[in-house]
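Novice: Below, each chain spelled out in residue letters.
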Amino acid sequence: MEIIYVLFNIAVLALIANIGLALYGVFTRPSLVKKIIALTIFSDTINLMVVLIGFRHAEPNPVPPILISIPPIKEDIITFMQKAVDPLPQALVLTAIVIGLAVILYLIFLTIQIYRIYGTTDVRKIAKLKG
Amino acid sequence: MKSRMHAAILATIIIIVVVLAMAFALKGIALYIPPRNVRTLAEIFLNTTFNQWVNISAMAPEAVTAIVWDYRGLDTLFETSVMFIAIVGALTLSRGVGEKLFISGASEAGGLSVIVKTITRIILVMISAVGASIALHGHLTPGGGFQGGATIAVAPMILIVTFSVYFIVKRISIKKAVLLRSAGLGVIALSSFIVLIVALFKGGIAYIFQNQVKMFSPYSVPSYIGDSLVIGGTLLLFNAAETFAVAFGFIALLILITLPEEQFRKIILESEE
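Chains as they are written, first to last, in numbering that gives the first Met the number 0: chain A, 0 to 130; chain B, 0 to 272.
Each hint should be verified, as a subset may be incorrect.
With a Cα cut of at most 25 Å, we get these calculated DMTMM-like pairs of lysine to aspartate or glutamate [claimed, not checked]: (1) K174/B to E98/B; (2) K174/B to E269/B; (3) K127/A to D226/B; (4) K129/A to D226/B; (5) K33/A to E261/B; (6) K33/A to D121/A; (7) K127/A to E98/B; (8) K82/A to E269/B; (9) K73/A to E58/A; (10) K129/A to E261/B; (11) K124/A to E260/B; (12) K124/A to D74/B; (13) K127/A to E42/B; (14) K129/A to E42/B; (15) K34/A to E260/B; (16) K82/A to E1/A; (17) K213/B to D75/A; (18) K33/A to D43/A; (19) K33/A to E260/B; (20) K213/B to E42/B; (21) K124/A to E261/B; (22) K169/B to D226/B; (23) K213/B to D121/A; (24) K265/B to E42/B; (25) K73/A to E269/B; (26) K99/B to E261/B; (27) K73/A to E260/B; (28) K175/B to E42/B; (29) K265/B to E74/A; (30) K1/B to E74/A.
If you anchor each label on the Cβ, the simulated ranges turn out as follows [claimed, not checked]: (31) I55/B to K124/A: 55 to 63 Å; (32) I103/A to L199/B: 40 to 48 Å; (33) I52/A to V87/B: 46 to 54 Å; (34) K127/A to I114/B: 44 to 52 Å; (35) R28/A to E98/B: 18 to 26 Å; (36) G95/B to G118/A: 31 to 39 Å; (37) E1/A to V197/B: 55 to 63 Å; (38) G118/A to I55/B: 56 to 64 Å; (39) I36/A to E261/B: 40 to 48 Å; (40) L109/A to N36/B: 53 to 61 Å.
Think of the hints as simulated: they come from the structure by calculation, not from any bench. All residues carry an ideal CB built from backbone N, CA and C; glycine is no exception.
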């Protein structure tokens, strides 16, 4: 059982390292396209972390928050409450993903528009443009 | 100067990562172990999502969809409008070039070979079926309007790549896509009033975004028919309308992104002079 916890912690640390990597990409890469790629890595990592907050320990394993028997009797609901993971972070992440997708499509459109008109995606050149 | 800035940025990131790691671990060097219990709020959601013995139940077996469209329905409505605003922003940035470009009459010829086009035609049906299945089973299995819509939006992207952007604009123009997207949003807004309208005709009271029986309000949309056919009250309606809205919203954005570059630049620069 201990080795599972160690692996779980390695996954958490990898997520945190991923945040650092993504922030490095957003801050230091001059290309707007690479900035957007780093931003998607950042938002996906944060989403995964939020889902991880709702995770729980259950024997033998936690179940997704879906009731199988319809209509459920009272025992079903009690087992469900003891085993199911937290549904609220999943609902919030679901909406965050869609908004993120729309905002990233907008950012991509902005970048393409800049490239179409000025012929560059380098922020150092874009900052010097007049007009 | 430049290397010093890089070093400063790196140091900041390292500090952020270390602080986050400590905050996440909370107990110094102890291992992070998932807790045995969920929060009280989560217990309330899990208890009331499909429970005929409490009077605030959403009567839907899938807790995530129940939260998205019942417990926090108003939230989701405004969040859908955020996506609408992103589309409107992209339309504003394009300065109407999408309309001007396609009036000037471009050919549908071009695209990839016949083999790829035929396979695309077959796969389109499959993608739409998978998307519809994800969306319409949203109250039973993981999935829902957003995921189904995003899946269906893959189909026009493949169409644009294998045929051409003119091919798809001949069938669905940007204006029509945005119109259908607004129609989907309108259906969502209307279906949040269904129970209220029925209750007002019967002389009772109800709430906006009401799905099942609430305190002081005995009106509801039936949650399941017979023994096992679950329709999930208004959740099915919301999921279907949301699929429609998300799919057409992405179609509009994808067309805007893939507009041909040279003609685009020509039209924009001409209008500036």
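Novice: Hints first: check each against the structure and report whether it holds.
Specialist: Going down the list of hints, with the structure as the test:
no.: 1; hint: K174/B to E98/B; result: holds, 8 Å
no.: 2; hint: K174/B to E269/B; result: holds, 23 Å
no.: 3; hint: K127/A to D226/B; result: violated, 68 Å
no.: 4; hint: K129/A to D226/B; result: violated, 69 Å
no.: 5; hint: K33/A to E261/B; result: holds, 23 Å
no.: 6; hint: K33/A to D121/A; result: holds, 10 Å
no.: 7; hint: K127/A to E98/B; result: violated, 31 Å
no.: 8; hint: K82/A to E269/B; result: violated, 64 Å
no.: 9; hint: K73/A to E58/A; result: holds, 20 Å
no.: 10; hint: K129/A to E261/B; result: holds, 22 Å
no.: 11; hint: K124/A to E260/B; result: holds, 20 Å
no.: 12; hint: K124/A to D74/B; result: violated, 40 Å
no.: 13; hint: K127/A to E42/B; result: violated, 55 Å
no.: 14; hint: K129/A to E42/B; result: violated, 57 Å
no.: 15; hint: K34/A to E260/B; result: holds, 22 Å
no.: 16; hint: K82/A to E1/A; result: holds, 21 Å
no.: 17; hint: K213/B to D75/A; result: holds, 23 Å
no.: 18; hint: K33/A to D43/A; result: holds, 15 Å
no.: 19; hint: K33/A to E260/B; result: holds, 20 Å
no.: 20; hint: K213/B to E42/B; result: holds, 19 Å
no.: 21; hint: K124/A to E261/B; result: holds, 21 Å
no.: 22; hint: K169/B to D226/B; result: violated, 47 Å
no.: 23; hint: K213/B to D121/A; result: violated, 56 Å
no.: 24; hint: K265/B to E42/B; result: violated, 59 Å
no.: 25; hint: K73/A to E269/B; result: violated, 71 Å
no.: 26; hint: K99/B to E261/B; result: holds, 14 Å
no.: 27; hint: K73/A to E260/B; result: violated, 62 Å
no.: 28; hint: K175/B to E42/B; result: violated, 44 Å
no.: 29; hint: K265/B to E74/A; result: violated, 69 Å
no.: 30; hint: K1/B to E74/A; result: violated, 65 Å
no.: 31; hint: I55/B to K124/A: 55 to 63 Å; result: holds, 58 Å
no.: 32; hint: I103/A to L199/B: 40 to 48 Å; result: holds, 42 Å
no.: 33; hint: I52/A to V87/B: 46 to 54 Å; result: violated, 33 Å
no.: 34; hint: K127/A to I114/B: 44 to 52 Å; result: holds, 48 Å
no.: 35; hint: R28/A to E98/B: 18 to 26 Å; result: violated, 35 Å
no.: 36; hint: G95/B to G118/A: 31 to 39 Å; result: violated, 22 Å
no.: 37; hint: E1/A to V197/B: 55 to 63 Å; result: holds, 58 Å
no.: 38; hint: G118/A to I55/B: 56 to 64 Å; result: holds, 59 Å
no.: 39; hint: I36/A to E261/B: 40 to 48 Å; result: violated, 26 Å
no.: 40; hint: L109/A to N36/B: 53 to 61 Å; result: violated, 45 Å
Hint compliance for this structure: hints 3, 4, 7, 8, 12, 13, 14, 22, 23, 24, 25, 27, 28, 29, 30, 33, 35, 36, 39 and 40 are not met, and every other hint is.
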